[in-house]
Structures are given as structure tokens and as C-alpha cells.
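These protein sequences, in sequence, are chains A and B.
Under the numbering used here, the residues of the first sequence are numbered 20 to 1053, in order.
Under the numbering used here, the residues of the second sequence are numbered 11 to 585, in order.
One thing to keep in mind: the hints can contain errors.
Said to hold, decoys possible - Below, computed lysine to any residue pairings styled on SDA-like, alpha-carbon distance capped at 20 angstroms:
#1 K825(A) / I571(B)
#2 K181(B) / A774(A)
#3 K644(A) / P37(B)
#4 K694(A) / L33(B)
#5 K303(B) / G704(A)
#6 K181(B) / H643(A)
#7 K694(A) / E133(B)
#8 K316(B) / T696(A)
#9 K644(A) / V36(B)
These are computed hints drawn from the structure, not numbers from a lab.
Please read all numbers here as calculations on a predicted model, not as lab measurements.
Below, each chain spelled out in residue letters.
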Amino acid sequence: MRLDVFRIRQGRFLTQNRWVLCFTVLALALSCMTANKTYAQEVSQTQKQSVRGKVTDEAGKPLQGVSVTVKGSTKGVATNENGEFSIDIIEGAKILQFSYVGMEPQEVKIGNQKELNISLTPLATEQQEVVVVGYGTQKKQAVTGAVVKADLKTYENVTVNNIMEVLKGTVAGLNVGEANTAGGVPGFTIRGTNTIAATTAPLIVLDGVIFSGSLADISPSDVESVTVLKDASAAAVYGSRSANGVILIESKKGTGVNGKPKFELRSSYGTISQLKPLEVYGAQGYMQHLNDVLNDNGTVVPMDQTSNYLQLNEKVNYNATPDHKPTLEDPYSLFNQTGYNFQTSLSVSQRTDKMSYFLSGNYTDQKGVIIYDRFKHYSIRLNLESKVTNWLTIGVRSFYSNRSYPDSRMYGVASNSSSPYLFSPYADVYNADGSYNMYPQTTTSFVNPFSMMANEAYNRTGNLNGIGYATVKIPWVKGLSYTATYSKTQNTSETGSFYGFNTNQGQGPKGTGSRAYSRGVATLFDHLIKYNRTVAEKHNFDLTLLHSDQKTEAYGESLSASGFDNDQLGTYRLSAGAIQSVSTSGSETKSIGQMARLTYTFDSKYSITGTIRHDGHSAFSNNHKYGNFTSIGVNWNISKEKFMENSNVFNSLALRASYGTNGNQSIAPYSTLSKITNGYYYYQGDANYTYTQAVGSLGNDDLVWESTTGLNFGLDFSILKNRLSGSIDGYATRTNNMAFTLDLPLISGFPNIVANAGEIQNRGLEINLRSINITNRKFSWRSEAAFSLNRNEITKLLGDKNGDGKEDDIVSSNLFIGKPLGTVYNYQVERMWQQSDKDAATIMAGFQPGTYKLRDVNNDGKITSDSDRVFLGNSGANFRWSLTNTFTYGNWSLMVYINSIWGGGDYFINGSNTPWNDAYANRGDMNHPIYDYWTPGNPNAEFPRPSYISKASVRAPKYYDRSFIRLQKLALSYEATKFVKKYGIQGLNISLSADNLGTYAPKWIGLDAATGNGLTVSSIPSLRNVMVNFNINF
Amino acid sequence: MKKIIIISTMLAAVVVSSCKKDLSEVPLDFYTPENSFNNKAQFESALAGIYLAFRTDMYASTDAAANYDMLGMDLDLANVESNTSAQKTQHFNWATMNADNAVVLKWWGRLYRHVSMANTIIERADGPQAKWTSENEKNAIVGEAKFLRAFAYKFLANMWGGVPLVLTETKTPTFNYVRATQEEVYKQCKADLEFAIQYMPTIDQLKGGRAPREAAYHLLSEINICLKDYTGAIAAATAVITNGRNSLMTARFGVAKTFTFSGYDYRGPATAWGDVYWDLFQEGNFNFKEGNKEAIWNISNDPTIKGGNNLDLNTSGGFFVFDRWWGPIPWQAKDKSVPAISNWLMDTLSGRPVATLIVTAYADSLIWKYKNDFSKDMRNSEFNIQRNYYMTNPASPIYGQVMTKDNVDPTTLTLWEPRMTPHYKKFVRAVPKGLAVDATSKRPNDNGRNWKDWYIMRLAETYLLRAEANLLKGDAAAAAADINIVRGRALATLVDAADVNMDLILDERARELYGEEFRLSTLMRTGKLVEYLNKYNGYLLANGLTAPSKVSKLPIPRREIVANTGAELGQNLGY
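Here chain A stands alone, though its shape is the one from the complex:
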């Protein structure tokens, strides 16, 4: 009866779309055809000769997994863990090809040799690296913008909850937040905040297609690479929606050696625990707090009579035993559970010279630390590519993902009045019949959180994503190709909840429930023409032309009902409710984009890239449907210059500079149209109401999107035989045309309109470093460091309305000219007023001992909001840094990742942890997290008296510095392949990983500086995952 009420019904997965079925059938058919052909060829070959050998790196360390193939055939093998190989070659074969990731490929003539020992050299410089950029790839030499390819290798054997955990701290300038619920995805931004009203979310591009969905849909084990486009020049190819930067994610393609399929199984299991639980008062503390609250409110009660002031239920329980044993030893523990985290993925992939595929399935099941917090996710992916002819390649990338969250959580349900922190140690959780007691400590102000939980609740999100593409290499013109990409994504969301007769929400209306279903469909059709040509050996031209059409549709239905005769069938029979309501919605947007990018490179030394994108979007206002976004960038590879040729220090050195403009699609669909609002009016004596209408909002034909113009300087270097490499970027951006709500004269009949006004500037510095500190046969130590800082400043708002010749601040929205976003403008707490101040009559009128003494800036003897508030600082970070060290010893590897956000000066402060903020501090009828409050006997307390709200005429929180250094991740892995090799297993890695192991936050009081959770009842604990990971491939 107690827990089975809270069954969460899982839905069935239904494939509703025919086109995904088509993709799948097509994919399977192709894979059968091409696979058969390959095997047929192999069988017909005769075997004549055998060659053996060993492949090592420059240092002589054996290389495992080097692909050894016979040139001109599909015949190939891979080296074993000792770098050894043995290959049978047919008569007439002349050349063996050796290739390995990160190494220069080598071709070796066989001749009559039976044994070949080969040493591979690393790729000449990093400049040869190919970087994924928007709509294609470029050689690093030609990249002029701030483009960072994330290093996923560090996390190869470590399970993460989402791809953002990998990116956190590895890409300077990509700021990743914290998630503290099961299945939560942290928020993330690139560089500084450059908008007030519009979204700060970067554009996500998955496999070349603008992605509509959540990052939680993408399984980390399906990801091949992530590239972050940070500056205007890099992001310009995405025009009107790239002002917040772009994250390019590529999913895995078919791999495998020698055309053999490769299976990979990754499994991990671990516990999720609370980083630091918030402690609430136990029996003794509760009684003391009650006594203090009574005293504080003027009812002076001796401690031994405090129990008289308990509420009815509490008093009964208090007096039930002679030693006043509490009914709940630790009330808060009622709501805790031991969380777990289980993840598994299985993939099979194969690559032949004609086709490749990657097929994977992923499953995640997580339980958070607070009861009912549960997350489940599964996804399946199929990527397939086939070279149909030597000029035509076709492929498909598709996945389905389904996430399931609890719709009803212990936190966030209704209001804080149901927070588990409020339970008294003498509460009656249950009624005599075992059902939940709605008012566990008599007061009706505190409703039992259990009786606020839905009897049935679900929240499921689906994402069905299919991308089909065809690339034609135009046979008559060398270097010319054409790619058509068609993609469809369907997002679905199903939520439902039902509150039965015994719940707080359901008892009045006799049961209340709702179901909502919404779906979004995004369709994209891209045409891409590429032309790459080198003239006279030194002049390389790389041209990309794009035409893109996109359409998004969103539809929603929701049903709700109340007034049931029987509450047993829940949302499955809302039709039984006496009162029912229905609402539906729909919207559509269309976009058109054309883009041209030309890169010219001279002698691999100088590159210049120009990009122009012409974007049209239906949600833009009538007079501004289209906009142009341009950028230009240069790259000078200094290390190729003659004077650098003999440098012993620099292996590579390049300078980059770029300038350009991006947009933020800050305008919501239909928001520039004039809308009708409707209602009902009844004329006395009519048979029915009259439907009413009125023009509810003014159309806006002149609204344009926000645009950000930026300048970026970058330096890429590699020194000391590539021991130390990295990049340094500095940038300055200016965002203007910010969307603002502007007051209209009410004479027009309308209160306001969204208009373009205001300007924000951002400047920043980012450093990414990689070093190889020690490397020898047994032991290696590599480090990666990232550092970033950003300064932002509001330079313009709505203009000068008060006529003082200066731009006006908007104090009510906390926006100040010349100050950053997140500026804290409030009263300054100097100290606590004490009884001695009162005795000496020096206490300010309106204040009492135990309330904060606020700084009286203008010394007028009172505290007023317009003259006594000061700039206390900034909630933004001063700088962020992170350091990842990877130690390898033999088969052991240890990764230590430290992450830090640091304040300093007046940066990174927060006042919302102040416990009196949550209004329960001064209530004796509810419990509260333990905190150090002022009483006459505790004059040096950190926080004011419980009745601060009523005892101080003007109040302010104390602000605390959130600076922290955190041991974010620790992973120890062991390469155990040698033990299982004999069973045909190619690789086995076992690792133990843990996150959030320790935090140094010297100034913070409360749960977690990283999330900003303090000591208030709305604080949600942070999570720690400790996981065991298995990674097998065969």
C-alpha cells in the first residue's frame, strides 16, 4: 500500500514512422550485397607466400593494431600487442601498406623478404591534422578560426553520463555546468554570455545536420569526435544561429581491420551517492530550534517546557516514551535512496573498401539519491555508407533514442512546502491504516511530500533521427563533388500524471490527471558542392557552396480531467472524469540558407578564408526575413618560413586572425505577428455566449535578430619535439540589436513591444596546452590543461530616457551600463547588530539585535533601496581552469582530472545560500537544515536571528565566494587484453572511475559551491558516481 501506489508505468515503444523502416531495410539490403561480394573475392584468391614482422614507433615501442595490407587487394591483418604480424600474400604482390592512427602511413616493397621490421613515424606536425569544420573538413593549416577538437581519447575507457562530461574542462572557453539529478544534462555555453533575453545555447550539429533534440539523446559511446567552433569565422557557415558558437558531433563510422567485423561491448555499473547531505535538526536540535524561535518571537519559554509548544501530533509522540524518543531518527533519510548507475552498450562495425557500417545499442538505468529520481535511456544507432560506384557514395546515419524521467520528483513538486527537509522528528508519517498522513505534524502548512507524489507519473522523450546522403564525385572535373543530404528528426514528448483521492492534489477535485503529447518534426535538405584544386603546386583553392532548406513543425495535445468516481484507472481513463479539458497547439517555421566559403592556401604557408551566408527564416519579421553573415580569416604558418626551418625549438608555429558576424535566432515563431485574443461574453437573455475577440498584440515588422561581431587572434604551437603543444586565443566580440521589451505609450492600446536595443561586449583569453612530460618504454605521463577567462560588459541599453546625457541603467532588471551581466547590486552586510548596540541606542531604527547591520552609504541614518545599495561584485566566474594528468605504467593507466572555477576580486559570488531566505527559518512547526543563527547566547553567529524577516526593516543576504577546486574525475584502468587474447578477444580494459571526489571551496557555506546550493530547504544535493567499467572488443 505504501510504495506500490507510486508505480510508474513504462510506455511501449512504437515506431510510428515508415521512413525509418525504409532506412533500415535499405541499409540491411546494402550490407548484404556488399558483404557477399567481398567474401567472394577473398575465396577466389590463392595463397602463395608469407611475410612476418614487427611494427614499432620511433622509440621502439611495439604498436598494436597497425593495419598491414597488400596494396591493390583487400587482404590485410593487424599487429598484435607485441607489434607482430604475419601475412600471406599472393603471387605478384609487391607492396605492403602500414597505417596507424596518428602515424605517417608507410609503403614497403616486399621483394623477396620474409621478414619486415618497420618503424612508423608520427604525422609530421599537427598542422597536417584534418579538422572537422562546418560542412566538411579542412587541413589544420587552413583553419583560420578558433576551432578546437576535443580529446576523447582520455575518456576512452571511462564511462560518462553524457558527452558534456568529456568536454568539461578539455576545451577552453566551453563552460559546462553541473547536473544533480538522474539523467540530468549540465548546461553549457561557449565563451561569454552575449544576450539577455535570447538563448545562450550553442548550436549543435550532429553528423553535419543541425540537431534538434537534447544532448542526452546522443550516447557517448556512439561519438567519434566533437569539435567546438568558438569564433565568428569558424561559426559563420551557420550564419543566423551561430552567435553562441557551434558544437559539431560526428558519430562513429564503420571500422575494423581487414574487413572483419568488430564487436565492442562496454558495460559499467556503479553507485550514485550524495556528495554531501544537507543535515536537518534531530530531536534535540529540533526542540532547541523551536525554543529559540519561540524566544525570538517574544514567547520566552524555559527549555523544559518547550514541548508544550509542539503541535498536537508531535506532542503525542513526544510524550509517548519517557525519554522522548523521536518517531523519526533522521527525518531526511526517509527521502534518501542509494542511487546506482548502470550503462551498457554493444556495437558491431565493419569496414570494407566498398562499404562500412556501425550498429549499436545503448541502455542506461540510473537511480538518483532522492527517492523517485529515476532515469532510463535506450538508443539504437545505425550508420551505413556504401561506395556504390567510384563516383557515387551513399549513406545513412540514423538513431532512435528514448529517455524516461520521473514526472514527479521529491523536489520541485508543488512548492517548497513539501520539501523533505521540513519533516519534524516527531512527525507521524503514516496514518494508522498505513496510508500517508497528509499533515504529518498537524499543521496544514506542511503537507506530507509523499502525499503530494502522483500515483502515476511519466515523462518520456523520444528522438528519431535519420540522415540520408549521397555524394557524387563529378567524374569530369577533378576535385569537384556534390552531396545531397536529407534529414528528418522527430522529437516526441509524452507526459502524464494522476493524483488519486488520497493525494493532496487529488482529494479536493476527486482525482485529477493529465496527459500531454507533443511532437516536433525537423526536416532538412542540404545541397553541398565542393571543389578543391591545386594549381601550379602551390596554389590551393577550396570552395564550398551550400543551399539548405529547413522546416520545423511542432504540434501538441494535452488532456486533463478531474472529478472521478473511481481513481483506479488513472490516466488510462481520463474520460471518466466529470470535468475535462483539451488544449492543442501547432507551429511551423521555415528556413533557407545559402553559404559560400572559399579558402586559398599558398604553399601551405598562408591561408585566407572568406565565408558568406545568406539566411532567411520565417519567424523573422516581415521587413527582415533575410540577413547576410560574413567573415574572413587568415592563417600564417610561420614554421614553414625559411627563417624557421632550422629552429630547434619550434616544431610548428602558426598565427591566426579572424573577423566576422554571427546571428542569434532570438525571435520565437509568430512573435512578430499581431495576434487575436479570444474570450466569452454572455448577453443576458441570449441562448448562448458570444465568442469575443480583440487584437491582443501589435505586429512588429522591423524586429531583427541579435548579431555578434567578433575578432579573434590565435596562436598554435608545438615545441620541444612536440613535447609541448597548444593554442592560445584572444577574442573581443560585440553583440548588438539585443531583443528588449520596450514600453509603448499605452495610448496605442498596447503596453509594449519587443524591439532591438542594447549592446554587450565580451573579451576573453583561452589557453589549451598538451604536454608529454615523461615517456619511455614502461612509463608515460601526459598532461592537458585548459584555462579561460571572459569579461563582459553592457555598453548600451535602452538609451538615455532621463536626459542626463548618459545611457540609463535598468536597475529593476539588474542591468547596468559598464557592468557585466550578473552584477550583484545590493546592500552590503557589515556585521551583526548586537544587544550592546541597542543598549547604547546606536542601533539603526527598524533593526534589532541579531539582524545584519547594512552599510548606510549616504549616512542618512536609514537604509533605502535607491541610495544604499552598492555594487558588491559579480556572479560570473573570474577564470576557469582544469588540468588532466594521465599516467601510464605498463598496462595500468591513471587519469586525474582537476577542475576549478575561481572568483577573486569581486567575482563569482552568490547570496542565495543564506538560510533565512527560505522563510521556514522562523517557523517552529517545521524542521530546517542546521545553520548557525543568532541568539542572545550566540552573538557571533554567521547568520541572523530566525525572525530576521520581521525584525529588520530592510534585509539583505550575505554573499559568499563560490571559488572551488575540485577533483572532478579519477579513473584507474587496466589493459587486460593479454589474459583473454587466447579466447579471440582483441581488447579488454577494466577500469574504476569516480567523480566529484573532493572539493576545496574555502569560502562557501553549504552543499556545493559548484552548483551554488547552500543551506536553504530548496538545496539539492550534488552527486558522486563511482563506477566499474568493462570494455571488450573482439
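Starting from the structure of chain A, add chain B where the hints point.
Coordinates of chain B only, in the frame set by chain A:
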């Protein structure tokens, strides 16, 4: 060949899809002005939208006393009381009135919103998309919209003087409004009303809640007074008075004609109860259709019918809830026994007021002492104003007795005035307990929130407007005759020409139209606001404050002056 076909097909696809696409937005789940002003039914919807806005703004926007601030609240008729202590509070801040006053901004915005809704109808009726079967069909709609526009501009001109005259639909953001003169605004009202009078249907052809031609005449009479065209004003009022359809009710009528009641002491046998003035304010009697010949224009309140008002009475009061906010709180009084016994609520004729608005001394006694009519004037009868409160709890030793300062618990005395303030019964609905049903729980609702229709215009006021015009024209005898028609029905002593002056007219309005007329607008139109505030306003008197002369006109809200960046919007004198 195959290559060529495939490649050409693909290139053709690029060319085809590159053609400029239409990026205009097609709304799916809402209507736009473009498809909403095409036929008569849609224009009727737009008119109903204005009536809905009027009802909401003037009477029922929230469950609060502030709904009634134009009807006499914090003026000369009703003081604002603090619920917990016998302390008068202020709503308008008359003594410190400035351009940031929120009440001023509220009414300025609401009235211009009404103007804007009317302008949209008037302009779009002549638009290319509007389809009409006849010119008359169109003119009836436009006429009604023009009447409603004039009604809004009347308030703007009375309360602010010359205001920006906006007569077309605002379709793009506009920031360069300039003020017209007060006379120009009144003249526009007159022109609108003269058009409206030609096409609006007469009252016998209409459903309740909708303005008839008579309302346009009534309003024209007031506008003509403002334009000092007293002959025109008399003619317009006469057009209503002599239309053959409207007349003052002089005999008991309607739903409560046979109502019986045992008296406010709830003892003794039930006997016949009420008089014709009391009948005028019984739900079911407000409309012309319901046999009320005196009605000209009402708002319609029927919360149990969709569109009749907010359906959820329990949580938000149904919003039109005069009886909750405007009246005494005698049911809180206790007797002297130990422990003291509370009175209880017998809400058959008392509603369940909470004494937020209580009558001023002016409305309590001054106006009723005139001509020694205190016990003669029907409008001051025990049916219409209750002044004695009885202990109605049978457990009390003083059951059935009038509660006095001598027989109540001393704690009752601290809130004596709000508890025992006279109760204008026109606000109360004669209903049994539990009339309303909560929309969510479907349970009877005892929270004292009831509703009734309410007069916007009533023939008695038409007579008083004609009296005013006659007085100002110099014909005091004709003015006295008009006033006497109203007083005669109330069985009050008749006045003669020598008695007639503007104060008499305002007093007579207070007696006859208490809680009905837009008192603020009337006092500002007649130039009497400052004088009356300083003579009768409870807050100013209690605190020894004076309303400055500048408040004879309200300030143009500062927000408007600041937002109007393209032109200067001059401020009224003194602000």
C-alpha cells in the same frame, strides 16, 4: 549516360530547391487580425470583446475593492478601511498625487485600450476584407463601436482634459502622440454619438448587457453639457425620457415583489419586505427585458453561464463581488457574556461584507438630512440602508437585540465603525446561504461572494443630467421639475427652483445613484472634486491633509511621457 542522368537530376534538384521560397508565417493555432474582421459575426465578436473589457475593467478585474475606485471609493462616498484595524487607508493618494500614481496609470491604459479596440472595428469595417450584406448592417456595428469609443473618451476628457485623440487602428509602434484640446475630444464624442444614434437599435430590440440607442442619447446629453450646449443636452436627455419605452418604476415589480422576511433581528413572523427602489437592485430585475422600464444599459453578470463571468467563485470570487468589499462587518461583533459569543452570519439579506469600503459621513447622514427626509426618503428606508445590527446568535443573552456600545464585548469596540457602518442594501443579493456552487469542487459556496447585474446607465440619471443642463442654462424651475421626478418616486420632499444648485444635483446623484454612477468622473466633470475631497474624504479629514487644487485633473502618467519619445506629451498643470 547513367552518370549524366543522375548528376543532371541532382543538379536540377539544387536549382529547383534554390528558388526563393515563401517565408511568410501561417499561424496554426491562433487568429490574426487579417482573418478576424471579415464578416458580421466576427465584428460582433469584437464588440463583445469591448463589453467584456468594460465589465472586467470597470467592475470585475480582480477580487478586490479596487474594482470600485471610479464608483466613489476613496472619494466622497466611501472610505477605504483597513481590515484589521479601524484605520482609513487611501487608494488614490490624493494629497500626494503625482505622475507615477498607479491608479491613474491603470485607468489611462484601460480606457485607451477600449479606444483601441473600438478603432480596430471602425477602421476594419471599411477594410477590403470586410464583407457586408448591407450598408445598414455595417453602420449598426460601426455605430455601436463609435458609442463605445465615445464612452471611453468621455472618461479621458473628464479626468485628464485634453488627451491624444487616436481615431485609427494602431498597427505599428507609435511614439509621437500629441494632446488634443478637451473641447476637441468632446466634439469627437459628439460626432461619434450622432452617428451612433442613427444606427444603434433601440432598447426594446436588445438583449441585456448591450448598449441601446438610448445609451447614446444619454451619453450625448452629458457630452453636450461638457460642450456647454445645454439645449442640445436637454434635447438628448428628452429623447430618452420621451421615447415611449423608458419610464421610472414607481410600483413594486419583478422577482422579489412578494419577498417576505422576518426583519434584521430574524425574529417574529416573516412579513412583506422591500419597496420599489429595493426591487430595482434585485438580480433578475436589472434588464429592460425583465420588465424594468428604467434600465438603459447594464453589465451582465451570470457566473453560472459560460461568458457570464469568472466561473470559479470559490477561489477567486467571481470578481463582481460588491457585497464582499463594500459594507459593514457586524458578524464579527461579540456580546458581553463570558466567554463572549459571536454574532453569526445570517446572510439572507446581508451578504458577507468585510468592511473594506465603508460609507463616509457624507453618505451616512449628511445627504439624508436634507429637507428632514431621513425617515421619509425611500432610498433611506430600512429595506435600502441598514443601520442597526442585531445579535442573531440564539445562544447569546442579547439575542434579537440591537448591538450597542453598551452591550458588546469591549474588544468589539475597537472596530466599531467598520463593524456597524450603515449598509447600502443595493449591493446585497437577497439569496439564501450557499447559492453559489464552486466550479471545481461542485460544493455550495459560503464565502460571501455573490453577483448581480449592475446599472451603467439608468433613467433616473437621465433626469438628473437634464436637470443639470437646465440649471446651467439658467432654467432652475425646469431643473427642479426634473429633480422632483426622481425625488417624487422616492417619496422625498420636493424641491423648488430656489433650492437647485450644483451641490443639490450632486447630493441627489449620491442619494439616487450611490455605487452606480462613476462618481470620480462626475466630480471632475463638474469641477467639484477638490472641494468635495476636502469636505468629505475620510482619509484626508482623518489625517488633516488637503487635496491640492491640481488634482482637479489627473496627471498624464510619467510612463507615457517617457515612452512617447517622438513628441512631447504635455503634463497637466501642477504636476
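Could you grab the alpha-carbon distance between K694(A) and L33(B) and see if it respects the 20 angstroms cut-off? Cα-Cα ~18 angstroms, so holds.
Taking only the CA atoms, is the gap from K825(A) to I571(B) under or equal to 20 angstroms? 19 angstroms, holds
Is the hinted pair K181(B) and H643(A) satisfied, with a Cα-Cα distance of at most 20 angstroms? The given pair, whose Cα atoms are some 17 angstroms apart, holds under the 20 angstroms limit.
Between K181(B) and A774(A), is the straight-line Cα distance small enough, at 20 angstroms or below? 15 angstroms, holds
Pairwise hint evaluation, T696(A) against K316(B), where the allowed Cα distance is 20 angstroms at most: 17 angstroms, holds
Just to be careful, I want the Cα atoms of K694(A) and E133(B) compared with a cutoff of 20 angstroms; is the pair within it? Measuring from Cα to Cα gives roughly 17 angstroms; hence the hint holds.
Between K303(B) and G704(A), does the CA-CA distance stay at or below 20 angstroms? Satisfied, since the Cα-Cα distance of roughly 16 angstroms is no more than 20 angstroms.
Tell me if the straight-line CA distance from K644(A) to P37(B) falls inside 20 angstroms. 16 angstroms, holds
With a cut-off of 20 angstroms on the C-alpha distance, tell me whether K644(A) and V36(B) pass. Status holds; Cα separation ~14 angstroms.
Checked against the numbered hints above, the structure violates none of them.
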